[in-house]
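Protein chains in written order, with the numbering used here: chain A, 1 to 233; chain B, 1 to 233; chain C, 1 to 233; chain D, 1 to 233; chain E, 1 to 233; chain F, 1 to 233.
Hint data in this document are derived by calculation from the structure and do not stem from the laboratory. Where hints are given, some of them may not hold.
One copy or any two copies: either way a pair holds, since identical chains are not told apart in the list.
[As the list claims (entries may be wrong)] Restricting the straight-line Cα-Cα distance to at most 25 Å, the calculated cross-link-like pairs of lysine-lysine (DSS-like) are:
#, residue 1, residue 2
1, LYS38, LYS232
2, LYS129, LYS38
3, LYS222, LYS38
4, LYS222, LYS129
5, LYS222, LYS232
6, LYS129, LYS232
Since the structure is predicted, the reported quantities are computational estimates derived from the model, not experimental observations.
There are 6 protein chains.
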Amino acid sequence: MLISIVNPNATASMTRTIAEAAERACAPGTRILAVTNKSGPPSIEGHVDGAWAVPGLLDAIARAEADGADAHVIACFDDTGLDAARSLAEKPVIGIGEAAAHLASLLARRFSVVTTLACSVPILTDNLKRNGLWESCASVRASDVPVLAIEADPEAATRRISEEIEIAIAQDGAEAIVLGCAGMADFAVELSGRHGLPVVEGVSAAVKLAETLATLGLRTSKRGGYAPPRPKE
Amino acid sequence: MLISIVNPNATASMTRTIAEAAERACAPGTRILAVTNKSGPPSIEGHVDGAWAVPGLLDAIARAEADGADAHVIACFDDTGLDAARSLAEKPVIGIGEAAAHLASLLARRFSVVTTLACSVPILTDNLKRNGLWESCASVRASDVPVLAIEADPEAATRRISEEIEIAIAQDGAEAIVLGCAGMADFAVELSGRHGLPVVEGVSAAVKLAETLATLGLRTSKRGGYAPPRPKE
Amino acid sequence: MLISIVNPNATASMTRTIAEAAERACAPGTRILAVTNKSGPPSIEGHVDGAWAVPGLLDAIARAEADGADAHVIACFDDTGLDAARSLAEKPVIGIGEAAAHLASLLARRFSVVTTLACSVPILTDNLKRNGLWESCASVRASDVPVLAIEADPEAATRRISEEIEIAIAQDGAEAIVLGCAGMADFAVELSGRHGLPVVEGVSAAVKLAETLATLGLRTSKRGGYAPPRPKE
Amino acid sequence: MLISIVNPNATASMTRTIAEAAERACAPGTRILAVTNKSGPPSIEGHVDGAWAVPGLLDAIARAEADGADAHVIACFDDTGLDAARSLAEKPVIGIGEAAAHLASLLARRFSVVTTLACSVPILTDNLKRNGLWESCASVRASDVPVLAIEADPEAATRRISEEIEIAIAQDGAEAIVLGCAGMADFAVELSGRHGLPVVEGVSAAVKLAETLATLGLRTSKRGGYAPPRPKE
Amino acid sequence: MLISIVNPNATASMTRTIAEAAERACAPGTRILAVTNKSGPPSIEGHVDGAWAVPGLLDAIARAEADGADAHVIACFDDTGLDAARSLAEKPVIGIGEAAAHLASLLARRFSVVTTLACSVPILTDNLKRNGLWESCASVRASDVPVLAIEADPEAATRRISEEIEIAIAQDGAEAIVLGCAGMADFAVELSGRHGLPVVEGVSAAVKLAETLATLGLRTSKRGGYAPPRPKE
Amino acid sequence: MLISIVNPNATASMTRTIAEAAERACAPGTRILAVTNKSGPPSIEGHVDGAWAVPGLLDAIARAEADGADAHVIACFDDTGLDAARSLAEKPVIGIGEAAAHLASLLARRFSVVTTLACSVPILTDNLKRNGLWESCASVRASDVPVLAIEADPEAATRRISEEIEIAIAQDGAEAIVLGCAGMADFAVELSGRHGLPVVEGVSAAVKLAETLATLGLRTSKRGGYAPPRPKE
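The shape of chain A in the complex, shown without the other chains:
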């Protein structure tokens, strides 16, 4: 099985972090095809970055589809371009944001998301409301750690995220945590041990859900909301 993972931003070192998390999570027979969206911005922080990233992301998914990918993962926690990618691709597409939230909702009555910057909070909130998982969400919290600062100083980033987890537990009643950025993939195990609750990160969650759909032969419906684009003259 071939799973393509597209990093919608142009930072190749972040693609490596993502690819490693995917390799750790995938089944023995699965190959990971990790792609950097070279025409995207260096990081996706807010609506404008997201908008610029989408055309390159869609190109990357179309190429991976031509190369035989059995399923696709969009490795930005905003689930950037997810609806368009689902309409474009034949094979199933999973966003890491939705993937982590779905799994967290199977582990706890209420989870909190700890993400990077405040500008992402309404985007993640909208996504959770739209897919209904807001019902299981205690809060979406910003750690004020920019995306690229995570790999620049992982210790400082973990410390800041850990503080925010503490607040989510104490004030919001969080029973599980979702790490709200692809760059945080390496922190889940340590933070889970430190805080004594499940910590879900999206890359591994999305890889397993992509494998699940591909194994079960399930593809995106082409009726209604994800109908393929109509040919233009």
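Given the coordinates of chain A, work out where chains B, C, D, E and F should sit on it, guided by the hints.
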């Protein structure tokens, strides 16, 4: 006052329809700057078309801002790229979809939207849910008239839309109608007379709301959800 | 164009404040007909005051309609009697509460309302839930300034409102502010500058929306919810 | 125990129907004080009738309170003036609309309301949404029987209501029925037998809930939403 | 009239507290049949205790039905087994949790529930969301007093509950309080006096609602959600 | 990896169908431990059957946990006893109803559930509302095929389900289908081909989600809602 209106698709004849509707609606002192997004698809029908249209749309808004626009209108009923445009621009930005729905909610307890194709129904539904106007929405109905067929055969299009309005009144309890495509701007008055209820079209609605915000000196908040994009290294 | 604005309470000095805000906001060709509801209570603070005010308010609107008003504004932030007024009048009717909330939702993801007394909070919350704008509302906060204290000591009132705005920003994530009383119309510009975010007041918002509907030839639907009262034997 | 029941409309024959239903339902020791709102309209059909009825209704409740009523019932299915009455009275106030819906929600997963005219449907829907019982409501249906036609021709009215009950069961999945007008109080038993499901009418429901609150010594909270009106200078 | 009240847990002293509260609340002609579920756990604290209690509870209700009960009350604030009991019994069944919440919603715009342990909070929240009364609920708060500690040290329990009521008023805007455990039935009057707002406890509320339904001849609908179990081969 | 699957009803032939579907879906290294709840009813149709099944189900899960299961699946579409099982077990627990709905929501904007009998519709609706997936649900439809009739006459059952799928597509706008009973596990592939859209069945969905959680080392949170039962004296 200068109001810029961007047609996110590349069809210049549709921009002319939009510009004429805007000119009819605007105040004596208002100038309309209508722009065609030449890098967009010929029409926006579904998520993929929308995604391809956004970068060119954002460029057009940035140029209009530099040219002194006091407010911006996005003339696609999907409100394509609205969040990104609001984050990018200094001046207020109005989508024609939200504009029509806001006005309709001031005229009737429940309105129905009659749009072009089925693939747009979930997009419009999502938008209405997100801004809360779903509470006043009786239904979103597709007329199965493609965007460019509206100007190719306006009579046939009006007939089909009129049939769908009849169903919305009888089955969904619609008390007002919102026309769900910029290309339908010319049909509102006739359809209102024919069906005996308010028919709101988005271009004129958005122009008046844009004038309203500009007159009152109100601009998009730069705190939180619409914070401008962070500078990248 | 003639816009009638009814102050549902009996305090004529408050009608003058309202009329001045309306005159500042309206278009060059618009005339403002400001009316005091002499049979109303001196101020509307809670459900009972509101109930006593409605018959006189409806009379005033009927008279303004007979005098040729093109649209009506109800100048109490509770949108007192709005449904009844819409059913009674031929021409469109706008409440200042809904007007301010609609405009604020076009400027920010989440706005907070700062109103007068605690007894108004559930009334405003109900209104926002009913028209769906609660989806964009971060909080409704009472400043504990009674309605008539606003004009008795505007400086003290502004100070108190300003403190509450600070809390709304810090604790509730407000990105814009709505001033929740007709008597606060004069404070918007100063508070917007002081706090660095959009501050919307309802009188000017309602006047512009009333002008918008009248210009576009849009009237309240007479089907369903706002059907005129049936004649009685 | 003394329960006051106010008929908000001016039709005395309807007050008699209401009083008889109340007498049948109340406990042995309860006395019923049935009052006609002589300053109200002959029937309450829509927002305008409701607005005109409220001042006289509030007067009647204040008088009943002075006469020693232990609880009050508002005998219009719209729950006309309920919030204002709760703020005004010391003793608990129950609307017949809310009373019937509360009881129906204890008997079935989903009930339908069958009311008089279409103009009442959005009023009842709003009430149910506001108090949360919309969650248990399958539909609100109009029988197109005007209020005063119920007593003019009870057989025809019952036939029409019965047809609408049939549709509510077949199409909306109604498991219980709420009769949506005080004038229908006499029809509940027969319709329940005919359709084989619980049929709740509001007068008896409200009388029992009023007795319940009075027996348990429970009164309307005077904090927050139902605070008494502030004294005016 | 015979009202059966089943204490779903096996603690007989708690059944006595419940029976006394029921006796105090019921009408002169009502007899109370209080039953301890001897096969249940000593107290119901969380999902597992609740699951073990249900079969014995259903047996007890079936026996009471055979013994001529006119209505049934489930005397655990979780409304343990309520849906199954309604499907099984011919006569109406009321849970004390729903009963208290229904009455509280007639007395105040927003009530808070103060219950025993944190593990009950999501159960009560689910129940309120399902029946719609969440709309009127300001908060569900745990006092951290285990069920059996209430009768072991009522003074300490009252003190702890009283502290939580204070917080509910100050922080959550509670206008009325619901006591969230059958064992708290005796505390309502004192706490209402101390805090100056209505305090509703579920046993008396449920007894009155059970009497109400029985008096009005209303039974659980056997269509749809509460259809009796199908016979098995 | 060892995945335990408990059939909450006592019909062993149904356990075999379930076990075969699980074997087909699971990864090469996974062993399936399929258990029949011998103390349960022959089939679970409605609330009462469900209530009787839970104690035996919890026992089966506790035994499987002692036998080294890495995750548990509850193989009834009602997700019978899921909350209690999650509180009791150390390892993750997945219900087949929630599993199928989660996967369907990744494949289509709106899915319909086609289940057995009408009495299950409100149970499934409640479950979907509680976990938020109602947001993606177009309808829950009963095929009127009793649980045990599925294996008695699979052809007739498939025909009836297929008719209901047709209605769900045409009337409810279903873009994907969820088969709402464990006994329907064998029909998914054929029905998907026949109707041209994704058809998800819960046993395979739950097995893959259970494997996913076990592979990623994720367990149910023991804070808050799923805290283990407190020890009793």
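Here's how the hints hold up against the structure:
no.: 1; hint: LYS38 to LYS232; verdict: between (27 Å within a copy, 15 Å between copies)
no.: 2; hint: LYS129 to LYS38; verdict: neither (31 Å within a copy, 34 Å between copies)
no.: 3; hint: LYS222 to LYS38; verdict: neither (29 Å within a copy, 29 Å between copies)
no.: 4; hint: LYS222 to LYS129; verdict: both (23 Å within a copy, 23 Å between copies)
no.: 5; hint: LYS222 to LYS232; verdict: within (18 Å within a copy, 38 Å between copies)
no.: 6; hint: LYS129 to LYS232; verdict: neither (33 Å within a copy, 30 Å between copies)
Checked against the numbered hints listed earlier, the structure breaks hints 2, 3 and 6; every other hint is satisfied.
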